[in-house]
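2 protein chains.
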Amino acid sequence: MDERFMNLASSSSIKELIEKANHTAVDLMMEADPYWVDIGLAREMIPGMKDGMLLHAGPPIQWERMSGPLRGAIIGASIYEGWAANPTEAEKLATSDQITFAPNHHHDAVGPMAGIISPNMPVFVIHDRKYGNNVYSNLNEGLGKVLRYGAYSDEVLQRLRWMRDVLAPTLKLTIQSVKTQKVGIALKPIISQALAMGDECHNRHTAATSLLLRDLTPYMIEAGIEKKDFISCFNFINQNDFTFLNLAMANGKAMCLAGQDVKYSTIVTVLARNGTDAGMWVSGLGKKWFTAPANVPKGVWFPGFSEEDANPDIGDSAITETAGYGGFAMAAAPAIVSWVSGSTAFAVQNTKKMYEITETKHRYFLIPLLDSQGTPTGIDIRKVVRFGILPTINTGIAHKLPGIGQIGAGIVAFPMEQFKKALKSYAELYAL
Amino acid sequence: MDERFMNLASSSSIKELIEKANHTAVDLMMEADPYWVDIGLAREMIPGMKDGMLLHAGPPIQWERMSGPLRGAIIGASIYEGWAANPTEAEKLATSDQITFAPNHHHDAVGPMAGIISPNMPVFVIHDRKYGNNVYSNLNEGLGKVLRYGAYSDEVLQRLRWMRDVLAPTLKLTIQSVKTQKVGIALKPIISQALAMGDECHNRHTAATSLLLRDLTPYMIEAGIEKKDFISCFNFINQNDFTFLNLAMANGKAMCLAGQDVKYSTIVTVLARNGTDAGMWVSGLGKKWFTAPANVPKGVWFPGFSEEDANPDIGDSAITETAGYGGFAMAAAPAIVSWVSGSTAFAVQNTKKMYEITETKHRYFLIPLLDSQGTPTGIDIRKVVRFGILPTINTGIAHKLPGIGQIGAGIVAFPMEQFKKALKSYAELYAL
Numbered sequence: 001m002d003e004r005f006m007n008l009a010s011s012s013s014i015k016e017l018i019e020k021a022n023h024t025a026v027d028l029m030m031e032a033d034p035y036w037v038d039i040g041l042a043r044e045m046i047p048g049m050k051d052g053m054l055l056h057a058g059p060p061i062q063w064e065r066m067s068g069p070l071r072g073a074i075i076g077a078s079i080y081e082g083w084a085a086n087p088t089e090a091e092k093l094a095t096s097d098q099i100t101f102a103p104n105h106h107h108d109a110v111g112p113m114a115g116i117i118s119p120n121m122p123v124f125v126i127h128d129r130k131y132g133n134n135v136y137s138n139l140n141e142g143l144g145k146v147l148r149y150g151a152y153s154d155e156v157l158q159r160l161r162w163m164r165d166v167l168a169p170t171l172k173l174t175i176q177s178v179k180t181q182k183v184g185i186a187l188k189p190i191i192s193q194a195l196a197m198g199d200e201c202h203n204r205h206t207a208a209t210s211l212l213l214r215d216l217t218p219y220m221i222e223a224g225i226e227k228k229d230f231i232s233c234f235n236f237i238n239q240n241d242f243t244f245l246n247l248a249m250a251n252g253k254a255m256c257l258a259g260q261d262v263k264y265s266t267i268v269t270v271l272a273r274n275g276t277d278a279g280m281w282v283s284g285l286g287k288k289w290f291t292a293p294a295n296v297p298k299g300v301w302f303p304g305f306s307e308e309d310a311n312p313d314i315g316d317s318a319i320t321e322t323a324g325y326g327g328f329a330m331a332a333a334p335a336i337v338s339w340v341s342g343s344t345a346f347a348v349q350n351t352k353k354m355y356e357i358t359e360t361k362h363r364y365f366l367i368p369l370l371d372s373q374g375t376p377t378g379i380d381i382r383k384v385v386r387f388g389i390l391p392t393i394n395t396g397i398a399h400k401l402p403g404i405g406q407i408g409a410g411i412v413a414f415p416m417e418q419f420k421k422a423l424k425s426y427a428e429l430y431a432l
Numbered sequence: 001m002d003e004r005f006m007n008l009a010s011s012s013s014i015k016e017l018i019e020k021a022n023h024t025a026v027d028l029m030m031e032a033d034p035y036w037v038d039i040g041l042a043r044e045m046i047p048g049m050k051d052g053m054l055l056h057a058g059p060p061i062q063w064e065r066m067s068g069p070l071r072g073a074i075i076g077a078s079i080y081e082g083w084a085a086n087p088t089e090a091e092k093l094a095t096s097d098q099i100t101f102a103p104n105h106h107h108d109a110v111g112p113m114a115g116i117i118s119p120n121m122p123v124f125v126i127h128d129r130k131y132g133n134n135v136y137s138n139l140n141e142g143l144g145k146v147l148r149y150g151a152y153s154d155e156v157l158q159r160l161r162w163m164r165d166v167l168a169p170t171l172k173l174t175i176q177s178v179k180t181q182k183v184g185i186a187l188k189p190i191i192s193q194a195l196a197m198g199d200e201c202h203n204r205h206t207a208a209t210s211l212l213l214r215d216l217t218p219y220m221i222e223a224g225i226e227k228k229d230f231i232s233c234f235n236f237i238n239q240n241d242f243t244f245l246n247l248a249m250a251n252g253k254a255m256c257l258a259g260q261d262v263k264y265s266t267i268v269t270v271l272a273r274n275g276t277d278a279g280m281w282v283s284g285l286g287k288k289w290f291t292a293p294a295n296v297p298k299g300v301w302f303p304g305f306s307e308e309d310a311n312p313d314i315g316d317s318a319i320t321e322t323a324g325y326g327g328f329a330m331a332a333a334p335a336i337v338s339w340v341s342g343s344t345a346f347a348v349q350n351t352k353k354m355y356e357i358t359e360t361k362h363r364y365f366l367i368p369l370l371d372s373q374g375t376p377t378g379i380d381i382r383k384v385v386r387f388g389i390l391p392t393i394n395t396g397i398a399h400k401l402p403g404i405g406q407i408g409a410g411i412v413a414f415p416m417e418q419f420k421k422a423l424k425s426y427a428e429l430y431a432l
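From first to last, the protein sequence lines are chains Y and G.
Heads up: the first sequence at position 204 corresponds to 204 in the working numbering, and the numbers run straight through without jumps.
Heads up: the second sequence at position 172 corresponds to 172 in the working numbering, and the numbers run straight through without jumps.
Among the hints, a few may not be true.
For identical chains, the list gives no copy identity; a pair is met inside one copy or between any two copies.
Straight-line Cα separation of at most 25 angstroms, DSS-like style, residue types lysine-lysine; simulated pairs [what the hints assert, rightly or not]:
| # | residue 1 | residue 2 |
| --- | --- | --- |
| 1 | Lys383 | Lys352 |
| 2 | Lys145 | Lys50 |
| 3 | Lys179 | Lys228 |
| 4 | Lys130 | Lys20 |
| 5 | Lys383 | Lys421 |
| 6 | Lys383 | Lys287 |
| 7 | Lys352 | Lys228 |
| 8 | Lys352 | Lys130 |
No lab work stands behind these hints: they were computed from the structure.
For clarity, every value in this text was computed on a predicted model and none was experimentally measured.
Input sequences plus hints: build the corresponding full structure.
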């Protein structure tokens with residue numbers, strides 16, 4: 001640990017300042033109240049989204065250092081946008097100055113795995129009714145051969161076009177119908193209920209997707225959606241329990257954004273990875289990235305694949321753990337171990353370990369299995385470094401080559417190096 | 001324990017016969033494959049259902065010995081059927097020979113709490129694809145002031161008429177639409193999934209009802225149901241997580257019926273109570289009732305009520321425990337303890353205790369929290385008596401007076417006396 005920071009622990013007045021700041025930051029996070037309120041194309045919805053711009057998961061990165069799945073997703077998005085006719089053209093374009101890359105988090109957006117959001121992709125708009133922030137996420141494509149895992153075959157692109165042309169307009173009519181009756185779809189109550197129904201809301205969303213469908217269906221009927229579109233859209237969501245993932249991520253982003261920029265706070269507000277680097281933000285350190293090489297997840301492999309094929313960790317989805325659920329709530333989801341590996345005891349143990357590096361127990365997200373204790377919420381970089389316990393998250397695993405897709409799911413820790421860097425920077429900023 | 005039966009345990013050849021029979025009975029139960037295939041009025045669907053007949057929960061009983069909630073439900077059903085204009089007329093009728101009472105179980109039917117099924121009430125038809133049996137259950141009315149808890153106000157009767165005139169015809173169109181594509185709605189997979197989603201499928205059906213709605217919705221659209229009916233029926237189901245209870249019970253009845261009448265078997269195939277007596281059937285003892293006075297549940301009371309107001313245990317719903325879920329699967333549903341009282345540790349403990357009095361671990365119903373062990377399945381009357389451990393179930397609690405309704409939910413054990421009577425009868429029948 002940085003020596004100046006160690007001194008800090010012995011100075012009671014500064015310690016108090018930090019404790020108070022952390023309490024405030026996590027309180028802001030827990031009290032955020034995110035609602036899904038709209039859907040539309042990224043170029044119309046996301047502030048600062050420009051033509052030729054591609055948003056991606058994790059900290060900033062340029063083409064040269066990008067991993068296979070991120071490159072694959074960029075190739076796919078470039079063809080989808082009509083910027084390139086084939087992978088060769090897309091790769092050429094990616095190294096030209098016609099394309100700008102930016103992290104989703106720079107635009108208050110999140111995306112799972114590669115996390116690519118291009119101007120003509122539909123995005124959910126989530127509004128935090130408590131603090132007024134808007135955040136964004138793309139829509140979930142399902143599992144296997146999908147853009148976010150680096151696949152870009154015709155099947156993948158065809159699905160993306162259908163999502164733009166049929167799914168998003170159908171959901172637009174639906175959310176408009178919702179808004180004739182209420183403010184939008186409240187996300188916190190869905191997550192809260194889903195945690196009592198075996199989801200941890202990062203790698204398991206069976207309950208949350210069910211609850212979402214229960215909530216939406218009457219409004220889909222009210223909206224007078226055409227039978228054919230109703231059935232194709234309902235079935236698409238119904239057949240993909242990961243539908244809620246992107247909303248769970250946007251919910252997490254809204255919560256963490258609310259806790260951002262609290263002076264003196266050592267609470268993590270972003271955890272994300274781009275397939276090469278892992279990185280994070282800390283509430284009291286502004287929107288500055290602290291990065292280190294991303295780890296390779298350990299997990300359960302789809303038939304024919306192994307750890308050798310795995311790309312290092314990728315995606316903005318660790319925002320769920322940053323907000324106090326996902327891997328941190330594994331004890332709520334004993335069935336998850338068949339998907340990410342491990343035993344029930346491991347799931348419970350992981351949640352218990354995360355209490356040691358977090359500020360508090362969540363006020364609204366409870367774990368029935370732990371006699372309704374709140375989930376571990378608000379990662380404190382001081383505790384991570386002091387106790388040597390790394391945030392451990394549930395994640396999907398992408399093939400390291402572009403064009404292939406998902407090959408498994410598992411568990412991964414963030415690298416200690418980024419936490420040490422952040423502590424050092426903290427000591428400098430606050431002149432300790 | 002009956003002495004003759006004790007001798008039995010020492011005779012290895014008879015012991016082997018029993019073991020084999022129990023293995024067979026429980027295997028038959030587990031391999032049953034119940035599908036919801038139809039819905040219609042009881043008089044058209046249930047064999048032996050006659051005009052003037054009322055089916056009820058639990059073992060046989062006549063008006064004089066009936067408890068308040070059962071009487072209340074009979075009063076309500078008589079007014080609903082147009083047999084009586086008011087409670088006084090209904091009570092008079094109930095003591096006349098114009099009305100016949102019979103247990104649901106005598107007609108392969110089940111109903112929660114009072115369990116009243118009258119000729120013009122709609123019932124689900126469940127078909128066991130493996131063994132060809134048909135079984136029946138009524139439809140769930142929701143919680144609070146409802147017929148099955150003994151209430152019979154205008155609000156209660158109005159709801160029953162709407163269920164007959166709107167809900168049942170809508171579900172009929174839906175199930176007909178389902179049957180253009182598949183055999184029906186398979187119930188075992190829903191229960192199996194729901195156990196991984198925090199339901200125990202007796203007093204908690206939040207997940208199962210969600211999964212049912214996900215399954216039904218596209219067929220409701222295909223069926224071309226009118227917008228107004230779609231919304232009212234969808235919302236009725238959506239607002240009542242107990243919708244699936246009656247299907248879970250019918251599923252249990254189909255499973256237990258499959259295991260009935262296996263010579264030498266000491267496995268319980270019916271557990272039920274009528275609000276006065278608890279009773280049961282045993283596989284190797286035919287359809288003979290063994291009864292004892294029903295216990296009063298301990299639980300969580302609705303505001304303004306206490307144990308003093310509680311009626312003794314009532315309903316056919318213990319068929320879920322008989323089939324290996326419900327209270328026996330409490331460890332799958334830690335959130336249930338806020339509804340029926342207790343702690344997570346108690347829920348786990350109850351499941352573990354039930355392993356001691358059951359034949360096996362269920363092949364298809366697994367508990368993720370117990371590292372995916374099967375639920376305790378197949379209550380063995382020998383083990384209940386030998387170990388002094390009583391089947392413990394989750395249940396709703398009715399007010400002891402007619403006309404009031406539900407006042408709580410809790411936990412109750414079946415009386416030891418009925419198990420001892422059954423063992424005695426077993427020793428006699430098999431001339432041990």
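query: Checking Lys352 and Lys228: alpha-carbon separation at most 25 angstroms within a copy, between copies, both or neither?
result: This pair counts as neither: shortest intra-copy Cα distance 47 angstroms, inter-copy 49 angstroms.
Identical-chain pair category, Lys352 with Lys130, by Cα at 25 angstroms: Answer is neither; intra-copy 30 angstroms and inter-copy 45 angstroms both fail.
- prompt: Between the shortest in-copy and the shortest cross-copy C-alpha distance, which are at most 25 angstroms for Lys383 and Lys287: within, between, both, or neither?
  reply: Intra 21 angstroms, inter 65 angstroms, cutoff 25 angstroms: intra-copy only.
- prompt: Is the C-alpha distance from Lys145 to Lys50 at most 25 angstroms within one copy, between copies, in both cases, or in neither?
  reply: neither (28 angstroms within a copy, 58 angstroms between copies)
- prompt: Between copies, within a copy, both or neither: which fits Lys383 and Lys421 at Cα up to 25 angstroms?
  reply: Result: close within a single copy only, 14 angstroms intra versus 63 angstroms inter.
- request: Please work out whether the CA atoms of Lys383 and Lys352 approach to 25 angstroms or closer within one copy, between two copies, in both situations, or in neither?
  value: Result: close within a single copy only, 14 angstroms intra versus 38 angstroms inter.
query: How do Lys179 and Lys228 come out at 25 angstroms by Cα distance, when the copy is not named: within, between, both, or neither?
result: both (23 angstroms within a copy, 19 angstroms between copies)
message: One pair to classify: Lys130 and Lys20, alpha carbons no more than 25 angstroms apart. Within, between, both, or neither?
response: Classified as within; 21 angstroms inside a copy, 64 angstroms across copies.
Checked against the numbered hints given earlier, the structure breaks hints 2, 7, 8 and satisfies all the rest.
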